[in-house]
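Trainee: This is what each chain is made of:
Number of protein chains: 2
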Amino acid sequence: MDYALLLSCFNEEHGHNAWPRQRLLHECLRAAIRDGKLAAGTRLVATRALASELGVARNTVLYAYEQLASEGFVTTDRRGTIVAAAAAKTERQPAPIPQAGLSQRARNLRRTTISASIGLPFVPGVPDLASFPIALWRRLLDRAWRSMPSAKLNYGDPSGEAVLREAVADYLRASRGVVCEAAQVFITDGSQSSLDLCARACADSGDTIWMGNPGYGGAMAAFRAAGLRIEGIPVDEDGIAPSTADWLERPPKLIYTTPSHQYPTGTVLSLQRRMALIDGARACGALIIEDDYDSEFRHDGPPLSAMQGLRPDAPVLYAGTFSKTMFPGLRMGYLVVPPELAQPLSVMLAQAASRGRPAEQLALAEFLRSGQFALHLRRMRRIYRQRRDTLVQLLEKHLGNIAEVHGASTGMHLSLRLRDPALSDVAISERARDEGIIVNALSVQTVQGESPWQGLMLGYAQVPPAQMEGLVKRLAAVVHLFAYTARRQNER
Amino acid sequence: MDYALLLSCFNEEHGHNAWPRQRLLHECLRAAIRDGKLAAGTRLVATRALASELGVARNTVLYAYEQLASEGFVTTDRRGTIVAAAAAKTERQPAPIPQAGLSQRARNLRRTTISASIGLPFVPGVPDLASFPIALWRRLLDRAWRSMPSAKLNYGDPSGEAVLREAVADYLRASRGVVCEAAQVFITDGSQSSLDLCARACADSGDTIWMGNPGYGGAMAAFRAAGLRIEGIPVDEDGIAPSTADWLERPPKLIYTTPSHQYPTGTVLSLQRRMALIDGARACGALIIEDDYDSEFRHDGPPLSAMQGLRPDAPVLYAGTFSKTMFPGLRMGYLVVPPELAQPLSVMLAQAASRGRPAEQLALAEFLRSGQFALHLRRMRRIYRQRRDTLVQLLEKHLGNIAEVHGASTGMHLSLRLRDPALSDVAISERARDEGIIVNALSVQTVQGESPWQGLMLGYAQVPPAQMEGLVKRLAAVVHLFAYTARRQNER
Chain G
1 MDYALLLSCF NEEHGHNAWP RQRLLHECLR AAIRDGKLAA GTRLVATRAL ASELGVARNT
61 VLYAYEQLAS EGFVTTDRRG TIVAAAAAKT ERQPAPIPQA GLSQRARNLR RTTISASIGL
121 PFVPGVPDLA SFPIALWRRL LDRAWRSMPS AKLNYGDPSG EAVLREAVAD YLRASRGVVC
181 EAAQVFITDG SQSSLDLCAR ACADSGDTIW MGNPGYGGAM AAFRAAGLRI EGIPVDEDGI
241 APSTADWLER PPKLIYTTPS HQYPTGTVLS LQRRMALIDG ARACGALIIE DDYDSEFRHD
301 GPPLSAMQGL RPDAPVLYAG TFSKTMFPGL RMGYLVVPPE LAQPLSVMLA QAASRGRPAE
361 QLALAEFLRS GQFALHLRRM RRIYRQRRDT LVQLLEKHLG NIAEVHGAST GMHLSLRLRD
421 PALSDVAISE RARDEGIIVN ALSVQTVQGE SPWQGLMLGY AQVPPAQMEG LVKRLAAVVH
481 LFAYTARRQN ER
Chain P
1001 MDYALLLSCF NEEHGHNAWP RQRLLHECLR AAIRDGKLAA GTRLVATRAL ASELGVARNT
1061 VLYAYEQLAS EGFVTTDRRG TIVAAAAAKT ERQPAPIPQA GLSQRARNLR RTTISASIGL
1121 PFVPGVPDLA SFPIALWRRL LDRAWRSMPS AKLNYGDPSG EAVLREAVAD YLRASRGVVC
1181 EAAQVFITDG SQSSLDLCAR ACADSGDTIW MGNPGYGGAM AAFRAAGLRI EGIPVDEDGI
1241 APSTADWLER PPKLIYTTPS HQYPTGTVLS LQRRMALIDG ARACGALIIE DDYDSEFRHD
1301 GPPLSAMQGL RPDAPVLYAG TFSKTMFPGL RMGYLVVPPE LAQPLSVMLA QAASRGRPAE
1361 QLALAEFLRS GQFALHLRRM RRIYRQRRDT LVQLLEKHLG NIAEVHGAST GMHLSLRLRD
1421 PALSDVAISE RARDEGIIVN ALSVQTVQGE SPWQGLMLGY AQVPPAQMEG LVKRLAAVVH
1481 LFAYTARRQN ER
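As they're listed, the protein sequences go chains G and P. Under our numbering, the first residue of the first sequence carries the number 1, and numbering increases by one thereafter. Under our numbering, the first residue of the second sequence carries the number 1001, and numbering increases by one thereafter.
Worth flagging that the hints you see were computed from the coordinates, not collected in a lab. Since this is a predicted model, take the numbers as computed values, not measurements. Careful: at least some of the hints might be erroneous.
[Stated by the list, open to error] Partner residues aside, some chain P positions facing chain G, computed with beta carbon under 10 Å:
| # | residue |
| --- | --- |
| 1 | G1119 |
| 2 | D1189 |
| 3 | A1199 |
| 4 | C1202 |
| 5 | D1204 |
| 6 | R1224 |
| 7 | G1227 |
| 8 | I1230 |
| 9 | K1253 |
| 10 | P1328 |
| 11 | G1329 |
| 12 | V1347 |
[Said to hold, decoys possible] So the derived label-pair ranges between C-beta atoms look like this:
| # | chain 1 | residue 1 | chain 2 | residue 2 | range |
| --- | --- | --- | --- | --- | --- |
| 13 | P | A1085 | G | L375 | 43 to 49 Å |
| 14 | G | R250 | P | T1244 | 46 to 52 Å |
| 15 | P | R1282 | G | L120 | 42 to 48 Å |
| 16 | P | E1249 | G | L248 | 41 to 47 Å |
| 17 | G | D170 | P | E1435 | 35 to 41 Å |
| 18 | G | L375 | P | R1382 | 45 to 51 Å |
| 19 | P | R1282 | G | R34 | 37 to 43 Å |
| 20 | G | E237 | P | E1249 | 30 to 36 Å |
| 21 | G | P464 | P | R1382 | 50 to 56 Å |
| 22 | P | R1282 | G | G41 | 53 to 59 Å |
We put the CB at the ideal spot given by N, CA and C, even for glycine.
Next up, chain G with everything else stripped away, as it sits in the complex:
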């Protein structure tokens, strides 16, 4: 291994001239180990020899080796320093979907960087699990089990248990301004299953669906799997913004929206836009899918009521989930359909779907009816607002000169827009991932083409306030590093 060559290549490729030598060497070696250029088991050249080869102080090399050891990339024995076995390249890039045996539609699923780093800080969409009243839930479940005759173990109503549909309808009417009867409410296995159902029951292969660009990857996956043609519609500060040309030239069969808190940007769809979207959909006979995934958490003032209830005949399929308000592993969501679609859909489900989980459904109905759900929501709202406040303050303090907070008024995540267009949100996101911080880049969540949104998503619901400052500082260090490099490159 020619270390001098390695170093000069790294330097050329990454343009980190501004770094101190010890940092440069450290980064260069780390990259070489991750890329596999320095394979596991390779013995690194002795510090003294490398220092002389590169013409640097021995301390510079010692520093780099120590950093690598502290990060687990190398181990040391009596004879020196060896590349660690587990240091092999970890998947920073999304795993490509292997092709063999899969259908074209399965292969069409977009690779995504939104990985399953589900327990790490700032992963979006995860509630504060430690605050869920698990003992209460266990009691409700056990009570439901005890009350059930064995006949309830059978296949259940494919539309959901009547008592739960009633309870959900009551809740949505009272809290979200959704105008509905229980017969319009369908219990599903969560948002993904609701979107699947919408895409397949209300559109055919080849039909056009609009979604905000950037948009929610899970929804894209559902629509791709259903063979729909996805058209990305720009999202601006007021939310999804279709142009007249969009309406005329690529009229949709379905429109997917997250009006309460656009995913991923966090933008709230303005009332004017909501009305325009409903009018446009009615004019062209389209149905709007209103995915109200985290609307329960509105931190500044009362929530805007759902689009579904804005007009009596709004052509809206309203989807919600208990994954955010309770916990994701519950796998329960709901879909509210227009009255005229309720009967067709229930007949269709009776032919094509099976449903069960009677105890979970009864326990959930009781959780809603008893007022415990509302109590839990109020408690979580307080917790999330506090975390949001803390995070916003910290971001402004440590990154306020480089980035601005957006979409923090609602929900469980915010976005951090990068002011300097030369900064790559993808590069920052990947580098932060190395630090154990998951801040998904907005630009990779594009539906098609280039995304005008460069920035990072930060889910704060599950991050304890005590850890927040440390995490933001680490993130800030990464962002500042890239900003510094970008400035230097600019000056050259």
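Mind docking chain P on chain G? Use the hints.
Mentor: Leaving out everything else, chain P in the frame of chain G:
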């Protein structure tokens, strides 16, 4: 209402000349009430007047009115006999799927007579729910809940909990001869969800799938929803029997089979056919979906091992469910895929699916590992074999001259083939439904064209032996009535 005309029309239409007059009048009035010709609230003409109008004895009319009253079709007051309010036509025909707002593929779902009469005797596919050890299951669930850290409330592995995948792999290797590692096992929400997954992950819209004719309606629904082109392959006494022409002229991408117990006929696929199917599939690059839905209950001798394990490289997607071995409301099944498909599928699922229900998965793994599942299976095998024996004896005693039992060696249902081709299994099935007995007709479960199978499906798992004789006698009365009528028509 001209009763004489009503009676003569009924007689002409149904050709029931052979019936005694009192029966004819009773049937005719019942049909008129069901059809709405005699609306709820209508006062029937007095018995004496009707007797004179029709030229029959008053006792004949009295008998008919009494029968109608005992069945709830009419009520009586001081002034006479009135058509009851609740006697309005109940849905005997499957509800048509209303068209409005649904996609073409949703509308394409076949109407089916397999209704949701889920609690009634002889409904197939329902285990003996009263025998499920519900208290034990509750304890396992509660223990799982108590052992879980709150982090487990998060999204789970989309392929299923590792401990459950291991437990299922162990069980299938030991009990079903399935050759697999845990990495090939995917936990699903039950058979319907497994079939959905197979259809979408391994075939594209327009691809051809074979299935036995007659075949399982739930599978047809899944394949239709996925846009597949379904080709029905004849089923004979040895199971699904594709011809050389089938292989050459309409080669499949997927082949759906229920080799352990063909659904609905009950036929067991012979070993020779299994081999031929595997060879054929390999030759044309097709995948076989082996739906082993009730193979655990083999009443005569040990079960044939699964096709999946017959050859080391059998191109088989093996699907099973806990709906039959435990209870349908559990919504848990599994899919075992060939090794080379395991990784692509798990990557695909990570992009497109959400999974959770950690407590249920852990409790189920414990149920399997502790040996309680095997114990439960042994107990249910004894119960089902006894019910099978009782039912077969009764059918031979009461219907042996008209029909023969088929497919009773395995599973939870048998089929009763009608010897006389003039007998309509659909008419018998509909009439039996009026008697509260659900015996689905084989001929309506055709995939395409006419089904060569005329007969009835009887699920016996959930029918207590003490009720069996009464039910079989009622069924026999219906069948004999149709047979008698058919003979009389033949003689004329």
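Trainee: Check each numbered hint from earlier against the structure, then list the numbers of those it violates in ascending order.
Mentor: 8, 20 and 22
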